[in-house]
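K.L.:
With these hints in hand, go ahead and build the complete structure from the sequences.
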Amino acid sequence: MPVAASAIYFLNLRGDVLINRLYRDDVGGNMVDAFRMHIMQTKELGTCPVRQIGGCSFFYMRISNVYIVIVVSSNANVACAFKFVVEAVALFKSYFGGAFDEDAIRNNFVLIYELLDEIMDFGYPQNLSPEILKLYITQEGVRSPFSSKSSDKPVPNATLQVTGAVGWRREGLVYKKNEVFLDIVESVNLLMSSKGSVLRCDVTGKILMKCFLSGMPDLKLGLNDKIGLEKESQLKSRPAKSGKTIELDDVTFHQCVNLTRFNSEKTVSFVPPDGEFELMKYRITEGVNLPFRVLPTIKELGRTRMEVNVKVKSVFGAKMFALGVVIKIPVPKQTAKTSFQVTSGRAKYQASIDCLVWKIRKFPGQTEPTLSAEVELISTMAEKKSWTRPPIQMEFQVPMFTASGLRVRFLKVWEKSGYNTVEWVRYITKAGSYEIRC
Amino acid sequence: MPPPVQSQRSPSPSQPSGKSEVSDLKLQLRQLAGSRAPGVDDSKRELFKKVISYMTIGIDVSSLFGEMVMCSATSDVVLKKMCYLYVGNYAKVNPDLALLTINFLQRDCRDEDPMIRGLALRSLSSLCVANLVEYLVGPLGSGLKDGNAYVRMVAVIGVLKLYRFSSSTCIDAEFPSILKHLMISDSDTHVVANCLSALQEIWSAEASASDEALREREALISKPIIYYLLNRIKEFSEWAQCLVLELVTKYVPSDTSEVFDIMNLLEDRLQHANGAVVLATAKVFLQLTLSMSDVHHKVYERIKAPMLTLVSSGSPEQSYAVLSHLHLLVMRAPYIFFSDYKHFYCQYYEPSYVKRLKLEMLTAVANESNTYEIVTELCEYAANVDVPIARESIRAVGKIALQQYDVNAIVDRLLQFLEMEKDYVTAEALVLVKDLLRKYPQWSQDCIAVVGNISSKTVQEPKAKAALIWMLGEYSQEMQDAPYVLESLVENWEEEHSAEVRLHLLTAVMKCFFKRPPETQNALGAALAAVAERVVNPPKQAVSVFADTQSSEIKDRIFDEFNSLSVVYQKPSYMFTDREHRGQIEFSDELGNLSIGGEPSENVVSAQRVDENDKDLLLTTSEKEEASGLSNNGSAYASPYDNSSASAVGSQTRAESEISNPTATGYSSQSASLGIEDLLGLGSPAAAPAPPSPQLKLNAVAALDPSTFQQKWRQLPVALSQEYSVSPRGVAALTAPQALIRHMQSHSIHCIASGGQSPSFKFFFFAQKTESSSTYLVECIINTSSANAQTKIKADDQSTSEVFSTLFQSALSKFGNP
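Chains as they are written, first to last, in the UniProt record's numbering: chain G, 1 to 438; chain C, 1 to 818.
All the pointers check out, no bait thrown in.
In the DSS-like style, the derived pairs of lysine-lysine whose C-alpha atoms are separated by at most 30 Å in a straight line are:
{"hint": "1", "chain 1": "G", "residue 1": "Lys328", "chain 2": "C", "residue 2": "Lys422"}
{"hint": "2", "chain 1": "G", "residue 1": "Lys210", "chain 2": "C", "residue 2": "Lys234"}
{"hint": "3", "chain 1": "G", "residue 1": "Lys195", "chain 2": "C", "residue 2": "Lys342"}
{"hint": "4", "chain 1": "G", "residue 1": "Lys281", "chain 2": "C", "residue 2": "Lys304"}
{"hint": "5", "chain 1": "C", "residue 1": "Lys234", "chain 2": "G", "residue 2": "Lys281"}
{"hint": "6", "chain 1": "G", "residue 1": "Lys93", "chain 2": "C", "residue 2": "Lys234"}
{"hint": "7", "chain 1": "C", "residue 1": "Lys457", "chain 2": "G", "residue 2": "Lys333"}
{"hint": "8", "chain 1": "C", "residue 1": "Lys342", "chain 2": "G", "residue 2": "Lys281"}
{"hint": "9", "chain 1": "G", "residue 1": "Lys43", "chain 2": "C", "residue 2": "Lys422"}
{"hint": "10", "chain 1": "G", "residue 1": "Lys416", "chain 2": "C", "residue 2": "Lys234"}
{"hint": "11", "chain 1": "G", "residue 1": "Lys328", "chain 2": "C", "residue 2": "Lys342"}
{"hint": "12", "chain 1": "G", "residue 1": "Lys220", "chain 2": "C", "residue 2": "Lys234"}
{"hint": "13", "chain 1": "G", "residue 1": "Lys281", "chain 2": "C", "residue 2": "Lys298"}
{"hint": "14", "chain 1": "C", "residue 1": "Lys234", "chain 2": "G", "residue 2": "Lys412"}
{"hint": "15", "chain 1": "C", "residue 1": "Lys422", "chain 2": "G", "residue 2": "Lys333"}
{"hint": "16", "chain 1": "C", "residue 1": "Lys304", "chain 2": "G", "residue 2": "Lys206"}
{"hint": "17", "chain 1": "C", "residue 1": "Lys304", "chain 2": "G", "residue 2": "Lys226"}
{"hint": "18", "chain 1": "G", "residue 1": "Lys195", "chain 2": "C", "residue 2": "Lys422"}
{"hint": "19", "chain 1": "G", "residue 1": "Lys337", "chain 2": "C", "residue 2": "Lys422"}
{"hint": "20", "chain 1": "G", "residue 1": "Lys93", "chain 2": "C", "residue 2": "Lys49"}
{"hint": "21", "chain 1": "G", "residue 1": "Lys266", "chain 2": "C", "residue 2": "Lys342"}
{"hint": "22", "chain 1": "G", "residue 1": "Lys299", "chain 2": "C", "residue 2": "Lys422"}
{"hint": "23", "chain 1": "G", "residue 1": "Lys206", "chain 2": "C", "residue 2": "Lys342"}
{"hint": "24", "chain 1": "G", "residue 1": "Lys313", "chain 2": "G", "residue 2": "Lys333"}
{"hint": "25", "chain 1": "G", "residue 1": "Lys430", "chain 2": "C", "residue 2": "Lys304"}
{"hint": "26", "chain 1": "G", "residue 1": "Lys226", "chain 2": "C", "residue 2": "Lys298"}
{"hint": "27", "chain 1": "C", "residue 1": "Lys304", "chain 2": "G", "residue 2": "Lys266"}
{"hint": "28", "chain 1": "C", "residue 1": "Lys342", "chain 2": "G", "residue 2": "Lys430"}
{"hint": "29", "chain 1": "C", "residue 1": "Lys463", "chain 2": "G", "residue 2": "Lys43"}
{"hint": "30", "chain 1": "G", "residue 1": "Lys220", "chain 2": "C", "residue 2": "Lys304"}
{"hint": "31", "chain 1": "G", "residue 1": "Lys206", "chain 2": "C", "residue 2": "Lys298"}
These are computed hints drawn from the structure, not numbers from a lab.
P.N.:
What follows is the structure, encoded as structure tokens:
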């Protein structure tokens with residue numbers, strides 16, 4: 001059996017129970033004490049998210065200032081359990097309107113109890129789809145465009161919707177203006193050696209959609225990925241257009257995507273859920289365009305002085321710019337005094353994280369600002385060479401740029417009433433874990 | 001971390017307000033109970049909310065039961081839900097009062113709103129109070145027939161709840177057969193999925209008691225049901241898909257084309273956004289192809305990319321769950337991942353549980369082409385802030401060095417570690433250099449030069465100290481001041497508490513004395529005097545002669561339980577779900593080390609150290625049922641198949657095999673011809689359903705840990721001592737102990753230790769009866785040049801040792817037969 005969860009607990013960081021729900025009798029009520037004693041109060045917290053205490057296994061996750069703990073007594077499916085927690089949190093968030101933390105739980109505990117009853121019965125996951133649940137779990141705080149209507153009078157056949165074949169969309173939606181928003185969000189993960197060679201690099205991307213469409217529309221999305229283009233030119237028996245094509249290492253889709261059609265025709269076609277959802281996720285390891293290169297030189301001059309020079313090159317087009325660029329350059333704990341010179345942005349020493357933090361709000365393409373800093377250290381007797389030189393980390397967002405080169409070629413919307421739709425497409429590349437060793 | 005706030009969970013003097021507030025609430029509820037004034041529902045809501053919030057923080061509000069029930073007459077759904085929640089929580093402690101709720105719950109079960117019907121039925125079935133069971137049967141029965149799918153969905157789980165609470169009531173009402181009907185006829189997939197969950201649980205629990213239940217459970221994995229579910233799989237919710245896929249892994253297709261049909265049908269599930277579905281699909285693919293080695297290989301290739309994606313997306317906890325599975329695959333087939341090593345590079349801020357798995361995988365996938373990159377990367381981690389990870393990575397470098405032929409670059413790296421002047425780095429590196437020198441003596445010159453510069457005073461850890469001393473002794477000729485260093489170490493004999501260090505010190509002084517007598521004489525004298533003064537009895541060093549059979553069997557079992565906790569814990573489920581095995585957390589860590597191989601021998605033994613009371617070991621009841629269930633049907637399966645698929649059945653069932661007579665149909669030859677599959681973990685092909693033996697049944701999955709074995713071997717008298725000849729074919733087949741070990745295992749006789757080289761081999765076997773924990777221990781010495789075998793048998797139950805002996809002999813005589 002995938003998961004037969006015996007209980008689920010929501011604890012705050014002190015270990016107080018915010019909410020708990022016992023689904024099965026096969027675990028005692030003192031499970032939370034066991035968790036507190038064996039995990040929270042020891043150094044075990046954070047060493048492993050799956051722990052066995054006595055005959056029970058505990059899966060726990062920290063989300064903002066809340067621990068969510070699932071207790072099982074059988075050989076449960078771990079991946080399924082964690083996915084369940086993640087989905088449940090997403091559901092709660094969509095009910096509370098964004099935040100999920102201790103306060104949100106305290107303010108909405110009745111609602112959470114209700115939801116916990118619906119999403120899991122006797123330890124088996126049931127329906128977790130916010131679109132459907134919102135039709136019949138309607139407390140205050142539902143943030144759905146039609147919530148005002150449905151909470152006034154209960155939808156008589158809401159339960160039919162619960163179990164329909166197109167589980168993710170209900171019928172009879174009407175919008176005055178039919179719009180689709182498509183966001184391609186990529187995060188670049190990089191690990192670069194101190195000598196500037198790329199050790200590891202990949203892009204994980206997702207396509208987020210916001211659909212405000214009437215009726216039951218059929219959508220078709222075309223991308224510039226290699227397999228899709230090849231297939232298309234095959235079908236139309238004409239040579240593939242020249243231009244950049246990219247190779248996706250792996251793709252996963254929202255359940256609304258017709259995977260059979262994807263496999264035969266290589267087109268992404270689907271009946272979208274209403275509102276916001278994640279259409280697909282992909283991963284690319286080959287041919288990644290890194291938006292930034294970082295060239296650090298860090299010299300230790302004797303025991304009490306360090307010289308830090310960092311040059312950051314933006315490699316994307318000159319007309320584009322990156323936003324919110326933050327470069328964190330680690331320095332030893334015993335840093336006493338720092339002085340900087342930067343050609344762009346602002347830098348300061350942040351003792352709490354032992355880093356020089358260099359911020360550049362707007363960073364144009366094809367430029368290379370530099371930072372040079374002098375760091376004075378308190379001389380200490382003990383622990384020579386104790387500094388482990390953690391990597392430089394970088395945060396950024398580059399709008400209208402995809403590190404993978406992925407582009408939307410077309411997005412077709414077809415509905416039997418034949419209305420016109422407005423489509424919006426945005427691209428953005430963010431830093432995932434962007435680490436440069438030094 | 002502050003102590004848990006106990007006061008919040010139980011009413012205590014520190015919260016005197018609790019009581020007065022509860023009685024306050026009681027009063028207010030009473031006032032509202034009869035009221036029909038407008039807006040009364042809103043005030044009730046507020047009050048109910050208060051009650052529920054008290055309940056949540058642990059204040060006992062059970063005294064309000066009567067008032068809550070009185071207030072429950074309302075049409076407000078939210079209010080009803082709160083009331084249900086309250087009742088569900090306190091019915092158990094207040095069975096008499098719970099009776100009060102029956103009325104309104106039953107009424108609600110007939111409400112015209114399906115939502116209310118469903119909710120009421122769910123609450124009713126969750127009450128778990130003995131005297132209420134009779135009231136549940138009626139509403140459940142009508143719930144299952146309800147026109148609304150939501151109500152049916154709830155009713156199905158309600159049946160399961162009833163079964164768990166009172167199985168006889170549930171069976172007598174014939175609910176299981178109704179569920180069975182619903183499962184294949186209901187139009188709603190949620191209902192179908194819940195039926196499947198419920199039936200699986202019910203039949204598994206019943207199977208021990210009734211043959212019918214056993215057949216029913218078999219029927220769940222029969223072709224029509226599986227096909228029915230598979231054809232509708234896309235209609236199921238993602239969670240139900242996991243459930244169906246898990247069921248499919250137990251299905252045994254009749255031929256390879258069927259396997260391909262299923263795989264083609266499920267191919268697109270690997271692109272599902274829900275990682276749990278992807279993993280479940282991967283499990284189906286892996287299990288279906290176990291007996292088709294080349295396809296199995298392709299399956300690894302196919303599921304690699306989706307799994308790597310899952311690792312790099314999602315929370316660290318999720319990626320840990322997937323990474324554990326990937327870890328299992330990497331350990332089974334490292335060659336598939338040779339070019340993906342970069343995926344296992346650690347990020348600086350990753351949690352250490354992720355890093356640890358990655359380090360092991362990096363070690364496993366190292367080969368000639370990528371060693372340089374991997375070792376370079378591992379060296380980066382040696383300076384990691386996280387000391388345990390730094391140590392692990394140094395050890396990883398050492399392991400790679402011992403695996404590889406081209407160790408040139410690695411030796412340099414290790415020597416650089418010695419110069420890093422960090423205590424733990426030096427300590428780990430010393431141990432590795434010692435191991436390296438034992439394997440590659442040609443590097444001694446380079447190493448000794450560096451090791452000679454290390455002051456013995458800075459080395460504190462016993463293992464490292466012992467390594468350093470070993471090198472001082474071994475290379476005393478080359479190391480100028482070896483005798484003097486040793487002498488100063490001997491002078492501090494009293495302060496040295498580690499037996500290991502003392503032992504090495506003594507040997508090293510001895511070695512040194514033979515090479516440089518005049519300089520060492522003093523030290524040796526002092527050392528001997530110290531030893532004589534206080535006879536040191538270092539704990540016995542365990543040797544690695546204990547065969548790896550148990551751990552390989554364990555690994556196969558873990559593989560069978562892919563996509564479950566077993567993989568994360570790296571131990572089969574019986575070890576953590578069986579009551580007797582609980583609470584041995586350290587076990588898993590040891591086993592983790594084991595799986596890489598090349599660990600020092602002590603770890604191997606400690607990894608196999610299982611609790612004393614584990615003599616009967618192994619099967620949880622449900623597994624037993626499952627096993628016997630399959631073997632019962634085994635004959636039905638076996639006939640139309642060719643050999644290879646039949647052995648697949650055998651391996652999947654892990655059945656308690658029946659052996660005794662000479663009919664076991666040449667499995668040894670099969671296992672030889674299926675050698676490749678064996679590598680992929682087919683494990684022991686259990687014997688085919690043979691004509692029944694009256695004599696003795698052995699447990700095919702018996703397990704015994706070495707220390708228990710040793711203990712028993714010491715305690716028990718020899719029951720039988722025999723000598724017989726080995727057939728020439730047997731002699732020919734016995735080139736290495738492993739061949740015989742595998743053969744005997746297929747006869748449910750397990751090897752715990754083996755050793756020797758041609759022509760003389762020595763084995764220690766053990767076997768267990770299925771029905772009891774009675775164990776047989778065998779010492780067997782086989783001489784291939786004289787073609788005879790000497791056995792000594794010891795048994796818990798002396799009376800059956802004769803029978804066992806014949807069994808053993810017949811098993812042995814079949815060794816080498818085609």
